[in-house]
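Colleague: Sequence:
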Amino acid sequence: RAEKQLDFAFLDTPPSTKAGGLTDSLPVISPKTGAGAAATQPLQRSPQLTRRRPAGGGVLGVSSSEPALPFKKKKGYSPANRAAFLERQYKHSSIQARKDLSTLHKQLISDAKAFDNIEFNGSKGVEGFRHYLEKKFGSVVVGWRAL
Numbered sequence: 001r002a003e004k005q006l007d008f009a010f011l012d013t014p015p016s017t018k019a020g021g022l023t024d025s026l027p028v029i030s031p032k033t034g035a036g037a038a039a040t041q042p043l044q045r046s047p048q049l050t051r052r053r054p055a056g057g058g059v060l061g062v063s064s065s066e067p068a069l070p071f072k073k074k075k076g077y078s079p080a081n082r083a084a085f086l087e088r089q090y091k092h093s094s095i096q097a098r099k100d101l102s103t104l105h106k107q108l109i110s111d112a113k114a115f116d117n118i119e120f121n122g123s124k125g126v127e128g129f130r131h132y133l134e135k136k137f138g139s140v141v142v143g144w145r146a147l
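So for the sequence shown, UniProt numbering puts the first residue at 1; every next one is plus one.
Honestly, the hints are just simulated from the structure, not real lab data. Keep in mind that this is a model prediction, so the values were computed, not measured. Hints may be right or wrong, so weigh each one.
Said to hold, decoys possible - Calculated cross-link-like contacts (lysine-lysine; reagent style DSS-like; alpha-carbon spacing at most 27 Å): (1) Lys124 with Lys106; (2) Lys113 with Lys91; (3) Lys106 with Lys91.
Using the sequences provided together with the hints, build the complete structure.
Modeller: Here's what the structure looks like:
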């Protein structure tokens, strides 16, 4: 057991105490760091951290231990499968009800827009808009500034 005994000499050093009996420093268990330590011990690069480039010019070859798996085609993404899926989905009653409601809403919105356009002659294009501005504001410039 003598060869496995660890050096705990730092535990024998008396800690400095303050007024309350509290220690103000811990025992040092790591080597000194700072400006003096950098001058005495030059930095060395660990062999584990150095990168090695292959002699062939930077391109790694295929490892003999790496399995070479064949390319697998993704399942379910063919256009025929997608078309069949969408057709099945759109035939469902809940989807059909939502589609009918959406069509009704679109029709109501287009009717409301058409009614609004008729209100200020917008349905007649640029000429209708010009006529609206002249009728309401007296001139195109004053009407444009007012809008």
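Colleague: Please verify whether Lys113 and Lys91 have alpha carbons no more than 27 Å apart.
Modeller: With Cα atoms ~31 Å apart, Lys113 and Lys91 exceed 27 Å; violated.
Colleague: Would you mind confirming whether the straight-line C-alpha gap from Lys106 to Lys91 stays at or under 27 Å?
Modeller: holds, 21 Å
Colleague: Given the hinted pair Lys124 and Lys106, is their Cα-Cα distance within 27 Å?
Modeller: Distance ~22 Å between Lys124 and Lys106 Cα, so the pair holds.
Violated hint: 2 only; the structure is consistent with all others.
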